[in-house]
Amino acid sequence: MKKPELDEKVERVALMRKQLVRVLDDDGQAVGEWVPDLSVDDKIAGLRDMMTVRTFDARMLRAHRQGKISFYMQALGEEAIACGQQRALRPGDMHFPTYRQQGLLIAAGYPIVQMMNQILSNEEDPLKGRQLPVLYSAKSHGFFSISGNLATQYPQAVGWAMASAMRGDTAIASAWIGEGASAENDFHAALVMASTYQAPVILNIVNNHWAISTPEDFARGASATFADRGYGFSIPAIRVDGNDYLATYAASQWAAERARANLGPTLLEWITLRRGAHSTSDDPSVYRPDHESEQFPLADPIDRLRQHLTALGAWDDDRHESLQREITAEIETALAEADSHGSVKSGAVPGPATMFDDVFAELPRHLREQRGQVGE
Amino acid sequence: MPSMTMVEAIRDAHMVAMEGDDRVVVFGEDVGFFGGVFRCTQGLQERFGDHRCFDAPINESAIVGAAIGMAAYGLRPCVEMQFADYMYPAYDQIVSEAARLRHRSAGDFTAPIVVRMPSGGGIFGGQTHSQSPEALFTHVAGLKTVVVSNPYDAKGLLIAAIEDDDPVIFLEPKRVYNGPFDGHHDRPVVPWSKHPLGDVPEGHYTVPLGEARVHRAGSDLTVLTYGTLVHVAQTAAEERGVDAEIIDLRTLVPLDVDAIVESVAKTGRCIVLHEATLTSGFGAELSATVQERCFYHLEAPITRVCGWDTPYPHALEWSYFPGPDRVGRAMEEVLAA
Ligand SMILES: Cc1ncc(C[n+]2csc(CCOP(=O)(O)OP(=O)(O)O)c2C)c(N)n1
Ligand SMILES: [Mg+2]
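First to last, the sequence lines map onto chains A and B.
At the far end of the first sequence sits residue 388, using this note's numbering, and the numbering has no gaps.
At the far end of the second sequence sits residue 348, using this note's numbering, and the numbering has no gaps.
It should be emphasised that the hints constitute simulated quantities derived from the structure, not laboratory data.
Quick reminder that beta carbons are idealized off the backbone N, C-alpha and C, glycines included.
Certain hints may be false.
Across the chosen pairs, the derived CB separations fall in these ranges [claimed, not checked]:
| id | chain 1 | residue 1 | chain 2 | residue 2 | range |
| --- | --- | --- | --- | --- | --- |
| 1 | A | Pro-309 | B | Gly-60 | 42 to 50 Å |
| 2 | A | Thr-345 | B | Pro-212 | 56 to 64 Å |
| 3 | B | Gly-60 | A | Arg-74 | 35 to 43 Å |
| 4 | B | Arg-58 | A | Phe-308 | 27 to 35 Å |
| 5 | A | Gln-385 | B | Ala-228 | 36 to 44 Å |
| 6 | A | Asp-369 | B | Asn-189 | 46 to 54 Å |
With the C-beta cut set under 7 Å, the calculated list includes, among others, these residues of chain B facing chain A [said to hold, decoys possible]:
| id | residue |
| --- | --- |
| 7 | Thr-139 |
| 8 | Tyr-307 |
| 9 | His-308 |
| 10 | Ser-330 |
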């Protein structure tokens, strides 16, 4: 597929909202204008990021089954999108994620043990046990505090990007949303702001085809695609194969360069599939067709990048298995460490008095009084 | 009489209301095919078809806004917010529109809708699956607000709410969906099948809006409460050997002032109990009402036991939740005063 110039007129990229940008073909060859400039080492790093996310998720699900944690949400099958985009952006940029972008943290090198401390809500939890598991916050790694309320982050990302532009900064923002939550008012509010002020922001819609039990068409309505949403706001919008690591990198880089060149917002619809349950509280067998994953036309992102590296002669089964062993060991070590700091289930959590910290910058009188009562 | 969980009772109320009146329609996020994330609408789509029970896009303001429009047409929508914590996008539609439509149009248009929402904590839901926003509704002129505590009331009140000609906010404390929670999270859950209020009659009946229920009669002091804390108050009274009269208010607006006055006039002591944050909570309204109406009967200051003025913390849930210990201590203090 054609790769447009960064400043291509919006009318001329309009059709891309109906098409699909891909780089990897079915044989694992990188083909076409969108092939990104990535070295073999970069690609191996991408593979490692995705495998780490998957291994991390599997281990956390097991921890949930073991009764160690109260809740978890995995990104099974969608790992390429966050991992690829993180590597295409720069330190200093700010992501406004949902609960399914753990790949952003992992690809940014955020300490895995810190993620686990948050999930366990233990004494070392950087968020002091306040937030539901996986609702991380990591400003140091360009990761805005995740809200439980869907879509609120979308206009906030636009505002962050506007502020960066207002200050003559080159940092850009990236907004994330699921296709289901794109039905919210805040999504549309963000598009109007981004369009009016031509904010340097990437507007990601992760179309994993499900919003808990409702299929994507409930949010999409009569439009053909979610990328169509950009058209009415004159925001260039492209649909991308979200299971193709090279495409996720290339499209993210294109959108980021447009933002950095002050060419305004770009909307990216990522096509993927939520292969697992919505969360540990969900039972998809009630609403999902059997064998949906096997029939989904876009193959697994890890398998595809692995196949590509193998086709390049840069990878083989031994290397893959040894990388997997290394990652598994890394995750087990991190979990052992996090576990030693307690958990919400063991009761080794931050002390009750800490609940009153950070409600305000300074503790007002009424909270001082309440803090005095809580320990009684 | 069949025994039901609160989820089953709510489902049954929908069935009865939809059976009896074809203007009743039910929709919300994951409400149709799946039957709701708490399964409160399970089976409705199958039974009544997808014109009467259907899934909505994730847009709470559209859900309530559309419900208002349908009501203006002549239907009786009963919609679900997946969690009370997610009603905020709908708040403008609820407050500026549903609540005032009758008044601003001098009765020309009305909004007989029900907005159901699971509320309250105790399930390790963190700050966005635990809130009790009842005071944000009771403060608004034109809204009726119900908080249920058990299956029997839930069914009767939901049918009454659907039949009511005004907008009703219907809060369902999720911690008591499956059993009367005694406040001790470390003890096994008692199912509704072991509780008399789990006995739910078949077919149509209503519990009128605006009538409180004496959950436990007593003479030492009055506890004014609703939702989950009705059961917590009972535990505290039993554990401390306090002969508390526990009033389950059930409907906050309109409030059953007579029931409150009658009880406090008898006991002379009053504790106000809710899970929502203390400051500007509904407890302040209750406390003012008791002061205005029962001042000369009071033998001790009115005491509020509520959630702290912080967001609901995930790991510290049980330090936040006003459990039997805090309630019991307050009872002893009020008796000693
Ligand atoms: C305002 C609001 N409404 C409802 C919810 C409940 N909820 C949480 S996730 C979810 C589904 C979101 O689906 P989608 O946006 O497609 O993201 P995905 O889970 O597929 O990544 C819903 C309805 C919420 N968190 N916030
Ligand atoms: Mg989705």
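Do the hints match the structure? See the list:
no.	hint	verdict
1	Pro-309/A x Gly-60/B: 42 to 50 Å	violated (33 Å)
2	Thr-345/A x Pro-212/B: 56 to 64 Å	holds (59 Å)
3	Gly-60/B x Arg-74/A: 35 to 43 Å	holds (42 Å)
4	Arg-58/B x Phe-308/A: 27 to 35 Å	holds (33 Å)
5	Gln-385/A x Ala-228/B: 36 to 44 Å	violated (30 Å)
6	Asp-369/A x Asn-189/B: 46 to 54 Å	violated (34 Å)
7	Thr-139	holds (3 Å)
8	Tyr-307	violated (29 Å)
9	His-308	violated (27 Å)
10	Ser-330	holds (4 Å)
Violated hints, in rising order: 1, 5, 6, 8, 9; the structure is consistent with all others.
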